[in-house]
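Protein chains in written order, with the working numbering: chain A, 198 to 429; chain B, 96 to 379.
Quick caveat, the hints were computed from the structure, so don't treat them as lab data.
This one's a predicted model, so the numbers in the text were calculated from it and none came from an experiment.
Ideal Cβ positions, reconstructed from N, Cα and C, are used throughout, including at glycine.
You may find that some hints are simply not true.
Stated by the list, open to error - Computed from the model, here is a short list of chain A residues facing chain B with C-beta under 8 Å:
#1 Val272
#2 Leu289
#3 Arg341
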Amino acid sequence: MLEVRGLVAGYRPGAPVLAGVDLELASGRVLAVMGRNGAGKSTLLKAITGLARREAGTVRLDGRGIENRPTEWIVRAGIGLVPQGRGVFPGLTVEENLRLGGLGHRRPLPPAALYTRFPVLAERRDRDAASLSGGEQRQLAIARALAGNPRFLLLDEPSEGIQPSLVEELGATLAALVAADGLGVLLVEQNLDLAARLADECLVLEDGRVVDRLPGPVLADEPARIERHLGL
Amino acid sequence: MPVDPVLLLDALAQALTLFLVASGLAVTFGLVGVINLAHGELLLAGAYTALAVERAGLGYWAGLALAPLVVGLLGFLLDLLVIRRLRERPLDTLLATWAAALVVRQTVVALFGPASHTIQPPIPGSVVLLGAPYPVHRLLVMGLALLVAALLAWLLFATRLGLMIRGAIADRTLAAVSGLAVRRLEALAFAFGAGLAGLAGAATAPLLSVDPQMGLGFLLPAFLAVLVAPGGGPAGTAIGAALVGGGESLVAAFASPVLAQLAVLAGAVVLLRRVAGRRAGRER
Ligand SMILES: Nc1ncnc2c1ncn2[C@@H]1O[C@H](COP(=O)(O)OP(=O)(O)OP(=O)(O)O)[C@@H](O)[C@H]1O
Ligand SMILES: [Mg+2]
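Same shape as in the complex, but just chain A (with noise of 0.2 Å):
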């Protein structure tokens, strides 16, 4: 279980991005976080993740606190983060970046494993991660995460700007991680039917606040409770 609890974090002392953030998130589960640009989604995915300046509030893993561990504690002890943007070791293979993934881990798993979820990496092994298109970068971010064997994955919109037969593709990746390992996903999303297809619960951030929780299924039946949040 990951519990965050008041969290105010931000990049400045006195100036926090989130005004105190509640959520749980429980293995096997999705919780969609969206909100406008500037909500501070991802912001709020790097104060879990030791990254932004927390300034009050606690995260709990499993009813430990982690607030104050550095990153590279806070992601071996089982969270793993995909960041904003490519998310890839330009420069390293293909190979070298899921070996980069599982090194500082308990029980990583090995490129091979990784290779059966994103098979179009295997092809690439000994590419540069850098020569990779957009969304083979986006697969290899994803899979480097999943290299630490992770708990919980915070997924910071993975859609953003792939083709949409690959959110396809993706959504299928998710939900079957999500299925057969337990795997808990924080999904920061802006893709309505990407969300609505993987989420169990969703979270409305805006101005660092959470201002709407919608059960998932409400996403697909109702888009218009969302929609009227996302300005669309």
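With chain A fixed as given, assemble chain B with the ligands onto it according to the hints.
Okay, now just chain B with the ligands, sitting in the frame of chain A:
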């Protein structure tokens, strides 16, 4: 004009010596991203370590072996006490490492005096190479440079530690997000780079006059070599060293030392542009 083979050998020696000096810098600048103006003084510390050990009666080889350890420790402390506290503040880092350089230089003056010293090469004399006598120690230094190049290549491309270091160079934040203790890695790399500088200082000491200013002359060419290097690895650094070291010594021989210095100066302009470019790239 017939090319004197010894001239080419000189150029090669110059390039390899510069590689030895620049390799440590490539590690500290490449990974830690710090422009360490005290790098020349780390070299100086290596040369004086060799001097002190020799005076203690332990001979040259013991000094060559001890210098990287002593200077590695010095680099570790420099990182711990100065550089790491000034992260993301490049201008302050410049000033602080310059200050650290002064401290090292003045310490050397206090301990050994301002005058210059000589260290006898462990294997004196020359061998005939390409029809002309060539100092043995120069050849030793060249061999050592090749050894360091091989060691660096192995370390970076064939070990887990090397993979971690390359990862941290490619993207520091992503490295942390992958579970790597980036700070510890940087401290290690910095100490290692400093150790290489110490080794270079002790290795080249018998070829030079050992005095408190000896680090200064190396700083600019070494930075140039690192900055014109294509890519960050040892191969890139070797090419950079060949361009700068070999180039300078050939231009000096065929044209004039003044022209060679001008070429270095022109290189410095390129350097500043690349520093600005890299910094922008880093900050994205
Ligand atoms: N590194 C940073 N330093 C300072 N301020 C930042 C930094 N990153 C983000 N911010 C600010 O924090 C606020 C929230 O940004 P954040 O990236 O969390 O938004 P977001 O919801 O992820 O937006 P988007 O949908 O565009 O990705 C914005 O006002 C942004 O300008
Ligand atoms: Mg964002």
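Structure-based check of all given hints:
1. Val272: Since the shortest Cβ distance to chain B is 4 Å, the answer is holds.
2. Leu289: Hint on A:Leu289: holds, closest Cβ of chain B at ~6 Å, below 8 Å.
3. Arg341: 7 Å, holds
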